[in-house]
Amino acid sequence: MGESVMGETLLSVEALTLHYRTRSGAVRAVDGVSFDVKRGEALVILGESGCGKSSLARALMRLLPRNLAHHGGRVRLGETPISELSDERFRREVQWSRLGLVMQASMNALNPVVKVGEQVAEPLRELKRWPRRRALERAAEVFQRVGLPLDFMARYPFELSGGMRQRAVLAMALVAEPELVILDEPTSALDVLTQAAIMNVLKEIKRDQGTSFILITHDVATSSELADRVALMYAGELVEACSAARFFGEPAHPYSQRLMKSVPRLHERERPRAIPGQPPSLLDPPSGCRFAARCPERFARCEASPPAFVPGGSAREGAGEGAAESRHRVRCWLHAPDEGDKHG
Amino acid sequence: MAETPLVEARGLHTWFELRQWGFLRVGAVRAVDDVSFTLTRGEAVAFVGESGCGKSSLVRTLLGLHRPTAGEVRFEGESLAGLKKAALKAWRARVGYVQQDPFGALPPFLDVRRILAEPLKVHGVTDRAERERRIRAALAEVRLTPVEEFLGKFPHMLSGGQQQRVVIARALILEPALVIADEPVSMLDASVRVEILELLQGIQRRRGLTLAFVTHDLTTVRHYAERIFVLYAGKVVESAPVNDLLDAPRHPYTRALLAALSDPDAANATRLREVPGGEPPSLIDPPAGCRFHPRCSSAMPGICDREVPPDFTPHPGHRAACWLHEPGAENTNHAIIIDGRQAPGRGGPVHDVSQ
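Chains A and C, in that order, are what the protein sequence lines are. First residue of the first sequence? That's 94 in this note's numbering, and the numbers climb one at a time after it. First residue of the second sequence? That's 23 in this note's numbering, and the numbers climb one at a time after it.
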């Protein structure tokens, strides 16, 4: 579906890097991450806690911490090379207006003494200098779109349930009509039914407005509710990026395969299986493949040198999987062009 | 009924009084409202419900941290209400508690050895060598090995999964008959979750203890619990053996919960899920009749909004507090509604989002 809408690349990210300075050295939270998002597409960035996925959102939005050690990489949004812009121009021209963000737990970060409607309208008044009245009218439209009753505009955050507050921060991210919205764990603190309702809202917005999304989450099942594509992150790097069908059905990277096996399923009798071991420290990640220590399929080359992020599986074979699959990337020596032949 | 059940809750009510100006009684939050069940020795059960359904209040009442407003909890046939100070303390040693947030549950300034020594000291294990022996055995049981490496560590030096193992070791060290685990894995990653649940299940089976999980996650319960209780707005709305409940849910609320859950599948992104409108009711002034009726698509006016449904038994061992399952209702419209809503959970999503 939606293939016609998708096509043109909206966001392209190359070698994005974010390192934090700590007393024990630099933490390589985001370590050379590259991907792209097409217009109207939803990319899920999946990963377990501490893999750097929230730092990735911060690096894209330039919400940088004080203990920054290194921030780099090339990011293009549409025609604009946004990584080249000065901080002031980025803040004025990109943040919130072209790139929206729903931060983790942001439903608890609403200002308790300002009415919800005013808060949702604020980006328009602040960034676009719209008069209050016009901004509130626009906020009212977005309220309806995310399923908030209009009389909630005059309420304070404490008068709203968790699910309603989450809709409000979503409205805030959408109000300036950004081309791309980054959602960091938008439903992880919510109940099952509320979660499903919010995912429905996101699907409708994607369908009706053609908004592109980057959904960052650790929850594999929920991520499939929105994903056109999935990028899996491990220890600061992407290890696989492919279509949702491929990822949820037949992923190529050994970590992807094991992650999918660890997910309990409602309608299957097969027991989920844990992945033994722990992710490596980001202070001093292994010099070879970062998953090698936990990978039962490792061989000499895995610990010796880091695999590159290369076209994998069907993309390399050119099997008739369609255009989407030509974007399949894997970081694994099993899928390296020369290794693949040996292990056939 | 040959054997006394380990735990028996009868007509349990835990209400929290609301007062104005400190003395005017203006109502009550009915967090647990007429809940009855029994837990037998050696079984694993799960209490499932959304936030605010009263599951934590229920747990705290079972743990003796809240006194029930009405009704009673019996442990091995003896009512907790009658226990005096010393007897209550002795009883507490028989119940282990695994908290939701392992980091919050562990004192940051004590090392693992002292964290595990604490319950032993409180319950009169004065011999130092005996304490050390039991601490080491507990760590080995939760597979924090080599034990020496963990004894001197402080909570912040451990990963989330290791912290939760320490919490479990602490809950088990007094050899309880009942362990209550309140959302034991909700703060952990998927792959670690499975490890912790496997560990708990292994210990439960080996020791033959009764394990009561509290969780909001129905997808994990199939493999780790034998019976499920579904709570909604302070009441148990449905209870059944786990496979019966997941494969053939009877209460419309349970059906809605299952329909909202997804197994990972790329097709999910193209379909809207059916979600009942509205939100769980206030526990101060819950709706009359069935508490789910304002959100229920099968609600029958004149019945569901008037009278509180008792527990019906649509199937042996399967209870549902829903008027649709009143005996004799089988041949009426309601039963047809149920059949018409086949495939509960399975393929729950119905609307196509792609058009």
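Among the hints, a few may not be true.
To be verified - Just so you have them, the derived chain A footprint on chain C, three or more residues with Cβ under 8 Å:
(1) 79 to 89
(2) 189 to 196
(3) 208 to 214
(4) 281 to 289
(5) 325 to 339
Source of the hints: derived by calculation from the structure; they are not laboratory data. Don't be surprised by glycine CBs; every beta carbon is placed ideally from N, CA and C.
Hints, verified against the model:
| no. | hint | verdict |
| --- | --- | --- |
| 1 | 79 to 89 | violated (count 0) |
| 2 | 189 to 196 | violated (count 0) |
| 3 | 208 to 214 | holds (count 4) |
| 4 | 281 to 289 | holds (count 7) |
| 5 | 325 to 339 | violated (count 0) |
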